[in-house]
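Trainee: As a plain string of letters, each chain reads:
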Amino acid sequence: MAFFMKHETDHEPIKERIVSAANMPKDVMLGASVLTILGNFEVCIENYRGILEYTDTLIRVQTKGKQIRLSGKQLQIEYYTNDEMKITGKISSLEFCG
Amino acid sequence: MIQKMIRLFGGYVKVRVEGYSAERFLNLCSYRQIDVWGLVSRQNSYEMYMTLKGFRRIRPIVRKTHTKVLLIKRYGLPFFLHQNRYRAAFAAGALLCTALLFFYSGYIWDIHFEGNEKWTEETLLEFLETKNITPGMPKKNIDCTQIVKDIRQQYDDIIWVSASIDGSRLRIQIKENEDTFLQGNPKETENQPLTDAAETVSAAGTDLVASANGVITSMITRIGTPLVHVGDTVEEGQILVTGRVEILNDAKEVTGYQYEQADADIYADTQMEYEDTISRSYLKKIYDPKRTRDLVYLKVPFGKKTFGKILFGSERHSYKKWETYTSEQQVKLGENFYLPVFYGKIHIRSYTEKKALYTKKEVQEILSLHFQHFSEDLKEKGIQISGNDVKIHVDENLAAAKGTLYLNQQITRAADTEILEIERNEINESIGTDD
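Residue numbers (our numbering), protein chains in the order written: chain B, 221 to 318; chain E, -5 to 429.
To be clear, the hints were calculated from the coordinates, so they are not data collected in a lab. Don't take every hint at face value.
Stated by the list, open to error - With a straight-line cut-off of 30 Å between C-alpha atoms, the simulated DSS-like cross-links for lysine-lysine are:
hint, chain 1, residue 1, chain 2, residue 2
1, E, Lys67, B, Lys306
2, E, Lys58, B, Lys284
3, E, Lys315, E, Lys303
4, B, Lys306, E, Lys315
Unchecked claim - Which bits of chain B does chain E cover? Going by a derived footprint, with three or more residues having C-beta under 8 Å, they are:
hint, region
5, 238 to 249
6, 274 to 288
7, 308 to 315
Quick reminder that beta carbons are idealized off the backbone N, C-alpha and C, glycines included.
Isolated chain B, as found in the complex:
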């Protein structure tokens, strides 16, 4: 049981540990999304799966594992390509959920 427990808890960190030990970029290896926030008016999101919802006050973006909720006013998607999107507008909050 103890062995099993240890195996369970060590399973995720092992991958992370290898990646950080090998000095490999985490966004590439783990598929983590990269968010670049410029002031409160511009957000650049890389490594995402897709848009779940888009209105001018709320944008939900699906990434690997987590969901990004971006709320604000007059939100607009400047461009939207397979690996990057840029959102402009007055951003009030950004949160990860579920």
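Let chain B serve as the given structure and place chain E on it in line with the hints.
Mentor: Relative to chain B, chain E alone:
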């Protein structure tokens, strides 16, 4: 910027996507690498831009996501070409215009002179024409160094020349020898070749004779025998300095003559009658400000012919008497690119004639102005005016300025020396017998 140009070149569209899962539509677009930008959320729909190439590939996505795509606006070159597909002639015209502009820019349209004072542009242009350099000739045929050489060869008093091609204009910069005309007296330059020519011909001598009656005030003789003195009164035609120099033997007898080109500066006080009469009555032109006509025209010289067109206004009129003023300008692009197109304005104004009389004051003004011009002309010729008693008389119909001008001027005029043959022959004979 570059991206925008690439998009315009390839063409792009603005579309509105409506439907249940418009987000899925977006995700599929990005999955299929269809460029989407400027995404705006509207009520229950999205508006976005996408490339024309991408737009042609969205049909399966639309079907899959059950959305409705509405094309709002088209941008870019493909649409522009499609819209103007029946305007091929316009495109051809634009192309032709560019081609003609290119073609014509290979020619010289203007020759511009700088720094010339003594030699007028007309004279220089005429000279260049003899060397086959004219406006309208191809640029490639122009040899600037040859032009410089030709001008230097032809005109001695042009001491520096530079020729350069400036756009469609041939620019010739000139520096004249200012010393030659600072002397002011045109006689000097005229005399120069005379004496030169005489030296080569030799033999026949020249005298200096008086060109007017007068009293000599100063006299400097360089060559020849002076026959008069300062203070003498001379008459027109009288020999002042003779070019015949006597050759004397030991007994002071004349044995022969040597003939020279007499040269002297002789100034004398002379008098000149001045008379200027004008009629007091004249025809006054009364212009009618309402009866005028303005025309604008365009002129294109083509070889020896000229094509003209009146753009605005009409040349026809019913005026009995009229004056025409024309001002013409050459069309140019920028500063130096002269085009073979002229435009101009013609102003025609009608007038009626009416007999009128000059008032006493007017007539006096006119006569004094004439006299002033006359005096200036004399001064330019190097004649000094020491005094005058010109008076203006005004009659009923005529007005006259009459009087005598007291002048001081050079009074020499060249004339052939009389050759005394007989004595020469005698000498020759005697020499002959001696031999």
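Trainee: Going back to the hint list, which numbers does this structure go against?
Mentor: Of the numbered hints given earlier, those the structure breaks are 4, 5, 7, listed in rising order.
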